[in-house]
Each structure stands twice: as C-alpha cells, then as structure tokens.
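Here the protein sequences line up with chains A and B, keeping their order.
The opening position of the first sequence corresponds to residue 1 in our numbering, with each subsequent residue numbered one higher.
The opening position of the second sequence corresponds to residue 1 in our numbering, with each subsequent residue numbered one higher.
Just to be clear, a hint being listed does not mean it is correct.
With a straight-line Cα cutoff of 20 angstroms, these simulated SDA-like cross-link-like pairs (lysine to any residue) come out [stated by the list, open to error]: (1) Lys153(B) x Phe40(B); (2) Lys364(A) x Phe344(B); (3) Lys347(B) x Glu334(A); (4) Lys369(A) x Asp252(B); (5) Lys347(B) x Lys364(A); (6) Lys31(B) x Met1(B); (7) Lys65(B) x Asn151(B); (8) Lys248(B) x Gly292(A); (9) Lys332(A) x Glu245(B); (10) Lys332(A) x Glu22(B); (11) Lys347(B) x Gly292(A); (12) Lys371(A) x His247(B); (13) Lys332(A) x Pro336(B); (14) Lys39(B) x Asn17(B); (15) Lys347(B) x Val370(A); (16) Lys369(A) x Glu338(B); (17) Lys371(A) x Asp252(B); (18) Lys306(B) x Met293(B); (19) Lys371(A) x Leu365(B); (20) Lys39(B) x Val61(B); (21) Lys332(A) x Leu365(B); (22) Lys371(A) x Glu245(B); (23) Lys291(A) x Pro346(B); (24) Lys291(A) x Lys65(B); (25) Lys251(B) x Val370(A); (26) Lys371(A) x Lys39(B); (27) Lys347(B) x Ser331(A); (28) Lys352(B) x Leu375(B); (29) Lys369(A) x Val61(B); (30) Lys364(A) x Glu245(B); (31) Lys162(B) x Glu22(B); (32) Lys371(A) x Pro346(B); (33) Lys248(B) x Glu359(B); (34) Lys305(A) x Ser211(B); (35) Lys369(A) x Val367(B); (36) Lys369(A) x Pro208(B); (37) Lys371(A) x Glu338(B); (38) Lys364(A) x Thr240(B); (39) Lys369(A) x Thr240(B).
The set of hints was computed from the structure by calculation and includes no laboratory data.
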Amino acid sequence: MIYLDNAATTKMYEGGVDIYKKYACQSFYNPSAGYREATNIAHDLDNVRNKMLAKLKATKGKIIFTGGATESNNLAIFGSRRNGKWEYIFSVGEHPSVYNGALELERQGFTVHFVGLQKNGQIDYNQLEGLVNERTRLISVMHVSNETGAINDLKKIDQIRQKHCPKALFHVDGVQAFCKLTFSVDDFNADLYTFSAHKFHGPKGVGGLYVRNISSLKNIVFGGGQEEGYRSGTENVGGIMAMGFAVEHYNTQENFEKVASLQKIFLKYLDEAGVDYLKTDNPYIVSASFKGVNGETLMRVLQDKGVLVGIGSACSAKKAGNRILENMGLSKDEVKSHIRISFSEELSLNEVEMAGQIITQAYKEILEKVK
Amino acid sequence: MKVILLRFGELYLKGHNRNVFENTLIDNIKKMLQGEEFKFEKTFGRYVISDYKEDRENEIVKKLKKVFGLYSLSKAREVEADVNKIKECVKGIDCKNTSFKVFVKRADKNFPIPSMEFAKELGELVLETNEGSFVDLYNPQKEIHVDIRFNGKAYIFSETIKCLGGLPLGSSGKGLLLLSGGIDSPVAGFLMAKRGMTLEALHFHSYPYTSEQAKEKVVTLAKELSEYTGEIKLHVISFTRVQEEIHKRCKDEFMITIMRRIMMRVAERLCEKHDLGAVITGESLGQVASQTMQSMTVTGDVVKYKPIFRPCIAMDKEEIMKIAKEIETYQTSILPYEDCCTVFLPKNPVIKPTIKQAEREEEYLNVEALVEQALESEEIIVCNK
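Whole structure, please, built from the sequences with the hints as guidance.
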C-alpha cells in the first residue's frame with residue numbers, strides 16, 4: 001500500500017511506541033501523585049514541554065497538553081471568550097474544529113466575522129484589514145490549510161493586528177505546519193498555537209496548545225486542575241512521552257527537502273496528465289483537480305490499486321460540498337473532482353513514481369469510461 | 001394478575017381462511033416475543049399475554065406494536081369473573097379529580113348482573129372511592145373497561161393502545177423490494193409488509209462510483225426494516241458495468257430510463273430464481289423524472305410475469321417522510337452517500353419517454369448479456385435486527 005494521505009494521519013515512530021509502552025507498563029504512575037516515582041514522571045512531562053517550546057522556537061510561553069488539536073482549538077477559542085462588545089475573527093478556510101467552534105460562538109451571541117480566501121488558498125488579507133478594529137478580541141487563522149496545503153502569511157496577519165488591534169489575541173491552528181515548516185512563533189507573535197502529535201509520527205489522542213501569556217486564557221473544562229487548571233484530567237503520559245520522542249526525531253529541514261524533491265517528481269506526472277493543482281510553497285500537500293472524474297470515485301479506484309489518497313479533511317469527508325474550495329472560487333465540478341495527496345519523508349522515490357503512474361493511469365481509465 | 005390483551009383487525013373478514021391467518025398471526029406474535037418469558041392464551045376474539053416479568057411489560061408492548069395484523073392492545077388486570085373480585089379491582093383504579101365512564105361488556109351472559117346495571121354499580125363505587133371524580137358519559141378523561149369473557153375471567157383496563165393493523169406477515173406471499181438507500185424504498189417495504197407480505201430486498205451497487213459506505217447504509221436500512229418484517233435477504237447486484245455501457249452507448253437523457261428498465265429485468269429474474277411473487281418499488285408519482293406516469297409505463301413494460309407494487313405512489317414526500325421517521329429508517333436514509341441512481345446523472349433526463357424510444361436505445365446494448373452479467377454478481381446478505 002502506498003500511503004499518500006499523511007495530512008490525515010501519519011504512522012507512529014516505532015521508538016515512540018516503545019516509549020509509550022514504558023510509560024504504560026513500567027513508569028505508569030499518575031504524575032499528580034505525591035511520591036517520588038510520580039513526581040519523576042511530572043518532570044518527564046516538563047521535559048517534553050521544553051522540547052515543544054524548542055521546536056516552536058518560543059522565547060516565552062507555556063505548553064498545555066491536550067487530547068489533540070480539536071481540544072486545543074476549542075480551548076483557544078472558548079478560553080479567550082470575554083464578556084462585552086468583543087469581536088472574533090476566523091477564516092473560512094479553517095478546519096472544522098475551529099470553524100464549527102466559531103459557529104457555536106456565534107450561536108452563543110458573540111460577534112463573529114469570517115475572512116474569505118483568495119484563489120491561492122491563502123486568506124484575503126485586505127478583507128482581514130477591513131474587519132479588525134479595537135474591539136477585536138481574537139484572530140484565528142490556520143498556518144497551513146489541511147485541504148489545500150496553502151501557507152498563510154502569518155507575519156502579514158500579525159502586522160495587520162499590530163496596526164489596528166495590538167491587544168487582540170492571535171491563535172494559529174498549526175496542525176499541518178508544526179514540525180514540517182521551519183518557523184518561530186515569535187516571527188508572527190502568536191499568542192496561541194495548536195499542534196497535534198499524530199500528524200508528525202506521534203500517537204493519536206494527544207496534542208497541545210502553546211500559550212504565550214497564560215493569563216489571557218480561561219479554562220473550559222473543570223476538574224482536578226492538571227495542566228495548571230487549563231486541561232483537567234490525568235495526563236496521557238504515554239502519549240505525551242511518545243509525542244516528545246516524535247518531535248525530537250523529526251528533522252524539519254532534512255524532511256522538508258526530501259519531501260520537496262519527492263513532490264517535484266510527483267508533480268511531473270500530474271503535469272504530463274494535464275491535471276490541475278494548486279501551487280503553494282508547501283511540498284507536503286498537493287491539492288489537485290482531476291477534471292471530469294469524481295474525486296471519490298478516483299479515490300476508490302486507487303485504493304484497489306494500492307494507493308491511498310484523501311478527499312479533503314477526513315473528519316468531514318462525509319459532508320457534501322466543500323466550503324473551503326468553493327470559497328476559493330472553484331467551480332462545483334472542480335470541487336467534485338478534487339483529491340488531496342499528502343506526502344511523508346518516509347516515502348521512497350520508487351513509491352512516489354509508482355503512485356504517479358498509477359494515479360495518472362487510473363485517471364485516464366475512469367475518464368475513458370465516464371466522458 | 002397483570003396481562004396484555006390483544007385485539008386483531010381485519011382477520012374476521014377472512015371466512016374459511018381465517019384459521020390460516022390466525023395461526024400466522026400467533027406465530028408472528030410468538031416470534032416477536034422470542035427471548036421474553038410469557039404465556040400466550042387464545043380466547044374468543046382476543047389473545048392474552050400473561051405470566052411475563054412486570055419490568056418487561058413496556059418492552060413487550062413495544063415489540064407487540066410492531067406485529068402486523070394486531071389492531072390494538074391494552075395493559076389489563078385479569079380477575080375471576082366474580083362481582084366482588086371485579087369491584088375490588090376497579091377500586092384500585094385512580095380516578096381522583098377526573099371525569100370517567102365505566103364500560104361493561106358481558107360476552108358471558110351467565111354473569112349474574114346485566115351490563116348496564118353493573119356499569120352503574122361500578123360507577124357508584126368509583127365515585128365513592130375517588131375524591132373529586134365525576135361521571136362524563138360523552139367525553140370522559142378516563143375510561144374504565146370491564147370485559148367479562150367466556151373463560152370465567154374478567155379483564156379490567158383503561159387504555160387502548162393502537163397497533164399497526166394490516167395483515168399478519170407471511171399471509172400475502174413474498175415480494176422483492178428495490179432498496180436504493182433513499183427515504184422512500186424502506187417505507188414501501190414497510191407498507192407492503194403491513195399487508196402481510198414478507199420481503200427480500202434488492203440493491204444495485206456501482207463500486208467504485210458508489211462507496212462501500214453506501215452499501216453498508218443499505219444493509220443498515222434492511223436491518224432496521226427487519227424489526228417489522230423479520231429477516232430480510234438482501235441481494236446486492238453490481239451495476240457498474242451496466243451503467244458504464246449505457247453511458248457509453250445510449251443517449252444521455254435516456255440513462256435513467258434504460259438503467260431502470262434493466263433494473264426491473266434483473267428484479268424479475270431474481271423473483272423467478274428465488275420464488276418471489278412481486279416487485280416492490282418506492283416510486284411516488286411525479287416525484288422525479290423517472291417517476292412520471294410515462295416513465296413508469298416504460299420501466300414497467302419489461303416486467304412480464306410479476307406485478308409491480310408501488311405503495312407510495314399516491315403519497316406526498318412529507319407523508320412518506322413521516323412514516324420513515326416512525327419506523328426509524330429516516331436517519332439512516334439521509335446519510336449522504338451517493339447511490340447508483342445519482343451516478344452518471346444526466347442534466348436533462350427524459351420526462352416522457354415512450355417504450356419505442358427506449359427499445360431503440362436498447363438496440364445499442366446487449367441487454368440480455370448485461371442482465372446475465374448483473375445476475376452473476378449477486379451477493380446475498382442476510383439482514384436481521
């Protein structure tokens with residue numbers, strides 16, 4: 001099986017599995033307990049916090065471990081709610097874990113604005129500039145689009161914020177960017193930054209939220225007060241430790257270069273077959289339109305030929321239509337023929353070439369039948 | 001003793017065949033209550049369920065409400081047909097601050113007090129024992145029924161719960177339901193089952209144009225329907241090749257017409273193969289292009305030896321949806337997976353096709369070979385609640 005859906009999830013590092021096992025079976029103590037064995041584990045968790053901060057190149061701030069990106073995003077959005085005439089700004093391109101949170105915020109009576117997307121998949125910066133003002137409480141924009149791979153210019157967004165609403169919080173859903181791109185959260189002064197372990201070879205069910213200034217946030221779940229009260233519930237110790245292993249072993253620069261070279265080869269196949277795709281600076285995700293065929297059909301044909309690709313956010317694949325692609329101005333037919341191909345550095349050159357051949361061949365075959 | 005009284009509907013119409021109908025109904029009741037502890041008794045014109053665990057009463061009632069052929073049921077108390085025992089029982093009914101009326105039915109005329117008189121006596125008793133109660137003969141808030149039967153027993157109850165009615169499942173043969181995954185076809189199946197028909201189902205699957213989930217959805221629907229109809233054998237036929245061929249060789253606007261004609265041919269052949277007596281579809285007149293009178297004439301034309309039943313034909317979508325919600329297939333039906341009818345959907349399907357036009361289009365196909373090929377792909381999934 002050639003797995004080209006790495007934006008949906010990635011394979012865990014085996015070393016991470018070993019670490020998980022160690023913390024599940026030997027050092028299994030509850031980090032909140034009082035004895036030395038337990039406090040040692042609390043220290044181990046803090047070590048992982050530091051690793052995450054180092055990867056984010058953050059000069060200040062904290063890490064709250066969560067049960068994954070959906071939880072982190074919810075904490076960022078609902079934790080920054082304040083009474084009064086505040087306004088909240090989101091992009092239309094956000095993952096459902098942000099977008100549906102924004103809709104809920106609106107239902108609760110808060111003022112919510114949505115920024116549209118440009119044809120290149122990035123947010124419309126001019127529109128954003130028109131929406132921000134001194135009442136803006138939160139700007140939440142993703143780093144990399146999970147649907148299209150487009151990278152938003154976060155520095156530009158920060159400049160807009162500094163100019164019009166320096167007090168507003170800036171939340172970045174970094175799920176598809178963390179570990180994969182080289183950056184520092186200080187570059188764009190993010191107040192909140194979401195990451196998820198299973199997108200960079202860590203386990204599922206664990207992630208975190210970087211918080212620059214903890215007092216800007218309020219907790220949204222109530223309980224034993226773990227994670228400084230921001231995420232009650234016994235820590236997923238094994239998961240967090242395995243995430244620590246993954247972040248340590250993920251070589252951002254080297255992987256980026258390898259994936260970029262793989263993508264380049266892959267795109268040649270698409271070019272030859274006349275397949276349209278969105279051009280971005282992100283080699284990890286290719287968002288392509290296979291004109292004339294249904295993306296879902298192509299996905300199923302490919303699965304039978306041993307190639308797994310995505311049709312947009314796996315979490316919402318069952319929903320008809322596509323808010324993001326439609327907002328970018330793609331026609332209904334283009335949206336229908338959309339497929340997401342996402343890479344990992346673990347792919348071999350041979351696999352990528354085979355996949356390129358299989359995909360373009362399958363495309364031709366279906367096209368022949370349905371045209 | 002707590003009992004459940006069951007009344008059946010149309011069976012009394014069935015002259016000489018009555019025994020067959022009744023035995024089928026009784027079998028179905030027992031089957032539906034499989035796994036429950038209970039005793040079943042047949043008295044004249046009624047069935048009595050007794051000796052069940054009291055905490056299972058609501059569950060048993062819920063199950064009985066899914067048995068076709070039952071007209072209504074009542075949770076009742078059974079006592080000896082003795083004046084004092086009946087009075088004792090009536091005393092126990094709470095009628096405080098409500099209007100009421102007592103109905104006495106005396107099937108056993110040997111009972112010493114005539115019905116009207118006994119009703120009055122019992123009414124007085126209720127008035128005495130319940131503060132604030134009063135008689136209202138026309139619009140009582142509470143009805144108290146006393147049913148004195150031949151078996152030396154009397155049944156006292158105050159509520160009559162309507163059941164599904166219809167005819168006992170299995171008393172009207174077996175039909176083949178075309179199950180697409182939409183809202184209408186499960187309702188069509190339910191309605192035919194209500195008229196006593198047991199079901200097998202037929203689903204056309206167009207992998208890779210339709211997904212595994214679309215097929216799973218139909219399996220789920222068949223399971224949900226089987227709550228009422230008992231086990232359903234689902235015949236899944238691969239329709240991919242047929243659709244590709246039609247798409248390649250026939251005019252676009254005839255895609256659906258020809259497709260449905262081939263579906264009907266496959267359905268009839270399956271009926272012959274599995275000894276099924278009718279083809280059932282969820283079509284509703286005018287709902288979509290393929291459900292106009294003309295379209296149905298053309299698609300029905302290829303079925304020569306079996307009747308096609310379309311129980312939803314005169315129903316509005318709203319009415320169909322209401323039943324779908326009642327039988328709890330609606331939520332499954334609206335899951336958004338493409339079914340084979342939406343693949344290759346032409347922009348302007350023909351609304352008033354003629355048989356001649358359809359036959360002309362079919363000249364471009366080897367229809368018999370396609371039907372044969374489709375039949376070969378048959379996969380049978382047994383669906384049970």
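These are the hints, each one checked on the structure:
1. Lys153(B) x Phe40(B): holds (15 angstroms)
2. Lys364(A) x Phe344(B): holds (17 angstroms)
3. Lys347(B) x Glu334(A): With a Cα-Cα distance of about 17 angstroms, the restraint between Lys347(B) and Glu334(A) holds, given a limit of 20 angstroms.
4. Lys369(A) x Asp252(B): Given pair Lys369(A), Asp252(B) holds - Cα atoms ~14 angstroms apart, limit 20 angstroms.
5. Lys347(B) x Lys364(A): Violated, at about 23 angstroms.
6. Lys31(B) x Met1(B): Not OK: Lys31(B) and Met1(B) at ~24 angstroms, beyond 20 angstroms, violated.
7. Lys65(B) x Asn151(B): violated (26 angstroms)
8. Lys248(B) x Gly292(A): Satisfied, since the Cα-Cα distance of roughly 15 angstroms is no more than 20 angstroms.
9. Lys332(A) x Glu245(B): Given that 20 angstroms is the threshold and the Cα spacing comes to 26 angstroms, the pair is violated.
10. Lys332(A) x Glu22(B): Not satisfied, since the Cα-Cα distance of roughly 57 angstroms exceeds 20 angstroms.
11. Lys347(B) x Gly292(A): holds (15 angstroms)
12. Lys371(A) x His247(B): The given pair, whose Cα atoms are some 9 angstroms apart, holds under the 20 angstroms limit.
13. Lys332(A) x Pro336(B): holds (17 angstroms)
14. Lys39(B) x Asn17(B): Outside the cut-off at roughly 26 angstroms; violated.
15. Lys347(B) x Val370(A): holds (14 angstroms)
16. Lys369(A) x Glu338(B): It holds: about 18 angstroms lies between the C-alpha atoms, which stays within 20 angstroms.
17. Lys371(A) x Asp252(B): holds (11 angstroms)
18. Lys306(B) x Met293(B): It holds: about 19 angstroms lies between the C-alpha atoms, which stays within 20 angstroms.
19. Lys371(A) x Leu365(B): holds (18 angstroms)
20. Lys39(B) x Val61(B): holds (14 angstroms)
21. Lys332(A) x Leu365(B): Answer violated: Lys332(A) to Leu365(B) is near 32 angstroms, above 20 angstroms.
22. Lys371(A) x Glu245(B): Holds. Lys371(A) to Glu245(B) sits at ~12 angstroms (cutoff 20 angstroms).
23. Lys291(A) x Pro346(B): The hint holds at about 17 angstroms.
24. Lys291(A) x Lys65(B): Measuring from Cα to Cα gives roughly 52 angstroms; hence the hint is violated.
25. Lys251(B) x Val370(A): With Cα atoms ~13 angstroms apart, Lys251(B) and Val370(A) stay inside 20 angstroms; holds.
26. Lys371(A) x Lys39(B): This hinted pair is violated, its Cα atoms lying about 65 angstroms apart.
27. Lys347(B) x Ser331(A): Holds. Lys347(B) to Ser331(A) sits at ~16 angstroms (cutoff 20 angstroms).
28. Lys352(B) x Leu375(B): violated (29 angstroms)
29. Lys369(A) x Val61(B): violated (54 angstroms)
30. Lys364(A) x Glu245(B): Measuring from Cα to Cα gives roughly 17 angstroms; hence the hint holds.
31. Lys162(B) x Glu22(B): The given pair, whose Cα atoms are some 19 angstroms apart, holds under the 20 angstroms limit.
32. Lys371(A) x Pro346(B): holds (12 angstroms)
33. Lys248(B) x Glu359(B): holds (16 angstroms)
34. Lys305(A) x Ser211(B): holds (15 angstroms)
35. Lys369(A) x Val367(B): holds (18 angstroms)
36. Lys369(A) x Pro208(B): Roughly 12 angstroms separates the two Cα atoms, so the pair holds.
37. Lys371(A) x Glu338(B): holds (19 angstroms)
38. Lys364(A) x Thr240(B): Holds, because 17 angstroms separates the two Cα atoms, which is no more than 20 angstroms.
39. Lys369(A) x Thr240(B): The given pair, whose Cα atoms are some 11 angstroms apart, holds under the 20 angstroms limit.
Hints 5, 6, 7, 9, 10, 14, 21, 24, 26, 28, 29, counting from the list given before, are not met by this structure.
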